[in-house]
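2 protein chains.
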Amino acid sequence: MYRTHTCGELRLTDVPNEVTLAGWVQTIRKFGSITFIDLRDRYGITQLLLGEELNKKLDDQPLGREFVLQASGTVQERSNKNPQLSTGDIEIRVKDFTILNRSAVPPFTIQDDTDGGDDLRMKYRYLDLRRNAVKRNLELRYAVNRAARNYLHEKGFMDLETPFLIRSTPEGARDFVVPSRMNPGQFYALPQSPQTFKQLLMVSGYDRYYQIVKCFRDEDLRADRQPEFTQIDCEMCFVEQEDILRMFEGMIKAIFKDVKGIDYTEPVERMSWEEAMWNYGNDKPDIRFDMKLTNLKSPLKKEGVQRATGELIGGAGFGVFDNAETVVAIAVPGASEYTRKQTDEITDWVKRPQIGMQGLVTIKCNADGSFKSSVDKFYGPEKLQAIAASCEAKPGDLILILAGREERTRKAISELRLEMGERLGMRKKDEFRLLWVLDFPLFEWAEEEGQPGRWVARHHPFTSPKPSDIDTMISNSPQVANQEEYLQHPYAGIKANAYDMVLNGNEIGGGSIRIFQRDLQEKMFDALGMSREEARHKFGFLLGAFEYGAPPHGGIAFGFDRLCAILGGSESIRDFIAFPKNNSGRDVMLDAPSTIDAHQFSELQIKLDLK
Amino acid sequence: MYRTHTCGELRLTDVPNEVTLAGWVQTIRKFGSITFIDLRDRYGITQLLLGEELNKKLDDQPLGREFVLQASGTVQERSNKNPQLSTGDIEIRVKDFTILNRSAVPPFTIQDDTDGGDDLRMKYRYLDLRRNAVKRNLELRYAVNRAARNYLHEKGFMDLETPFLIRSTPEGARDFVVPSRMNPGQFYALPQSPQTFKQLLMVSGYDRYYQIVKCFRDEDLRADRQPEFTQIDCEMCFVEQEDILRMFEGMIKAIFKDVKGIDYTEPVERMSWEEAMWNYGNDKPDIRFDMKLTNLKSPLKKEGVQRATGELIGGAGFGVFDNAETVVAIAVPGASEYTRKQTDEITDWVKRPQIGMQGLVTIKCNADGSFKSSVDKFYGPEKLQAIAASCEAKPGDLILILAGREERTRKAISELRLEMGERLGMRKKDEFRLLWVLDFPLFEWAEEEGQPGRWVARHHPFTSPKPSDIDTMISNSPQVANQEEYLQHPYAGIKANAYDMVLNGNEIGGGSIRIFQRDLQEKMFDALGMSREEARHKFGFLLGAFEYGAPPHGGIAFGFDRLCAILGGSESIRDFIAFPKNNSGRDVMLDAPSTIDAHQFSELQIKLDLK
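These protein sequence lines map, in sequence, to chains A and B.
Residue numbers for the first sequence follow my numbering, so the first one is 1 and each next one is one higher.
Residue numbers for the second sequence follow my numbering, so the first one is 1 and each next one is one higher.
Honestly, the hints are just simulated from the structure, not real lab data.
One thing to keep in mind: the hints can contain errors.
Said to hold, decoys possible - With a straight-line Cα cutoff of 20 Å, these simulated SDA-like cross-link-like pairs (lysine to any residue) come out:
#1 Lys611(A) / Glu603(B)
#2 Lys351(B) / Ser374(B)
#3 Lys214(B) / Tyr142(A)
Make a model of the complete structure from these sequences and hints.
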């Protein structure tokens, strides 16, 4: 027994008990002949008071920051209370102490605002993890884990473990592979997700499955991606989309309640993919603020009709608009008095290579009802007023307009909207807005240089079309006669029985009702250009399972790291992972990956083939 | 909504409600114009009654076993109740049904006693998983998971995830490795356990850590080993051995209570390693029954003294005993009337290559107080009586004696004891006896052919010696002058601060108090023959961490698969894993591992080097 209490536990009611604490020396302060030490552990900080009588021992065994100390003494009331600390009413009048371990001077300070750079902190991650800021993140992560498990348990879900050493199916992202020593020349793959296993568990009748599980993707790491990441992975039998939506908005609300103390009582909003693209320019809109797009000109259809014809802005001789495929606008509230410098700065922002626009058109809707635009040459006051009306801009607003190719322009206006929301303080960290995005297209048209275009699954090849679209899928050939007009093909209109959950502009989860009919699954592989043989080779076990009474089923997977980061008010998932990897996939603390020795190569019967 | 209730839910109180069920057709029975169907899901079985009016539909859409069926109708009381089923008081008078999916005839019957062989069941594991026997195992596994988490949560442990893509440290078992595409020529390793990470988390001050986590070992698979397996992995700060023992016997008792409804109120027995070897011949004794060994002759010491000198059996001219290093006996209760055939059969059993003994000596302690032995030629009645007394044999017992080299003989008598316990029904499946085995030697002496002997860590290189042995370890060189007499070296007597938890003769968990002093850890690596440079190369991050205030800490890991198997009354862990691998490390359902394609080799910059 190294301690009777933790450093976060003692209160006035413990006065005048004899106690023993153990922890790390956070600070040492000497006042005359008296020494104060803040002793820290996971649970808190307790002040130790060492009187004159311990000075000789302190001289003989000098203490330093991060030393591991055991101290015994009496709990007493503090004369100078610290309301910031839960233990701030008391201190320990130390009778004796033992240095359990010494510490070298840490390479950075163990404080919320540390002086350590990113690389240094990652190398000494075990010290970085001592900082309160990081510890709070991991505590939150555990709280989310616990809340999710409790909810799912209550709803009858079973945690069932699926294997990590599986079969490589080069489909979608790249697999990490593992050479098998016992089966020379053969490799396992690490799972990108337990997708097929959870479907098999449904075929086996387990009804409600979940797992909080590591997944692996060997992708080039964009900022804030990790080669190994964690999912809350769930699947249910005998369900339709509505059952899943209700079950899992329930889970997220339970997490809000348990982890953040937030009663999210309002219903979760729902939006079709088409609506999201039309109004926000992307499929995971941040609905904490409005500032919807106005489609002045666009090939995008809404409810099957091409509504944004460009009539309002056309014929004015302004080539930029006349030649653009797409012209979209947002009305930024209360920004009409931006200076030239400010609008120039926004123009520079949209011209950055990450956004990639050629320029920006602005219309100031002055408070007096007049307009001042960067295109006054082409558009008179009446025209400007009409455009403003179409953008639902109010006096005092600043209209920002982008023009160009559909895809890039829509993405750019979406980014600009988020940026302006950010600048205007409309994206509050402590406000949480959930959204279901529904009715995604089942297929996307993918074109690779020099290759004919082809259909790819927007979600994954196991996602079911909407029941009403199954016939369209079965009865049409996936063949596209004229590549340019793939949008005319019946497959372009097929909607998926899929759903994404969006929180504050981030996709935190996504899933679908699955195909459970063998013929439909084969048609899907067919549509994706996979031969029967290839499909059998890669997914034979799943197709086999579909022959023996597969039930209707569906599920969802949440990005656990991301969910934790958003709940913790952070942009970076790395801050919520105990031992993350850097952007080259390296663990700089371990110095991994690393070379392996000749004996290992020989046993695995592989060798390097470096270019 | 495919159903209003599950197939395990309806009771008499639900009569006469309208309900809809969905599930699998377990059986179809026709009585005249009426059809009975047992509909099955995860929760149970409900009887459906289809009257004459549905016969036409049944003819048009014939049903078969394992078809997925949705049926609506009225709950009614059964005339012929089935007390075996929780739903046995009711049935559904079906108004209409829908076939949700058809099923081919399964390759084996979905019943407790299936006609499917092991290979077939593994290939169609998704069908095997439908069987009640397997489902109960996985339900038990989830219950153990849940009970462990709840207990650990209550005790302040945090589930903290450690990485799966780590650094290869060829030490102990073989690593699985993963080539890194982003770092060509370098490899990650999959963790054999999160050992060093949990220690780092203690250095980081997380105080109480746990994880239910997959671990990986690339070993030649003996029966009932898996290349991936699951541990309940735990670590604590500021603890001594006693704190750990109490905490984790508490966990196992909580699991007994939650999962099996067993109140394990008696204290958990404790035994030193020496005692276990002396009395039971192995370090994980099954203490559900007694039948302790009698050491008639053995080089083994007990409390530092060589007690089994062979005096009692020596000098009788019986060469087998005189020439043996070790002579050990057990007294099998009530077996004195075994026939010649029976004792011959036991003799054959100990001569099997797995046991490897040359023969067996028997002494029958007859009920009338006389003795009859297989060595009457050498030992008269008085001598036999003295031997029987030393074995604490009672009239009616059968004494079995083995002789030979110490290690093999002790192992053999230990196996024989278990075998006799089994035959006599003393190893009851529903009786659970826990045991702590303590005070292991820190080092073992390992000899490989053609190599000088060397010290290896019995537990692992992070295990601390007993506090009283630290000085012996620090102040002596590990050098052994005379290989034959390694037992005379001070290191042979050093005891580890380690503990194993044993349940019914199986090691279910093991752990230790760790070294937390850098100098002692370096001395340990030194003792194991690891150069400073090698140690720094492999474990530099851990040695580094020990410089910055590492606290005293210790932990334990439980073999989760094994624990579940024992609680489920099974010998085989495979029955408690949803998707296990076979003895060649193959998943026969997935057909993994498998070849990978040329593109994958090229990206990973490796190639095959098959012998």
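Which hint numbers does the structure go against, in order from smallest to largest?
Nothing - there is no hint that the structure violates, so all of them hold.
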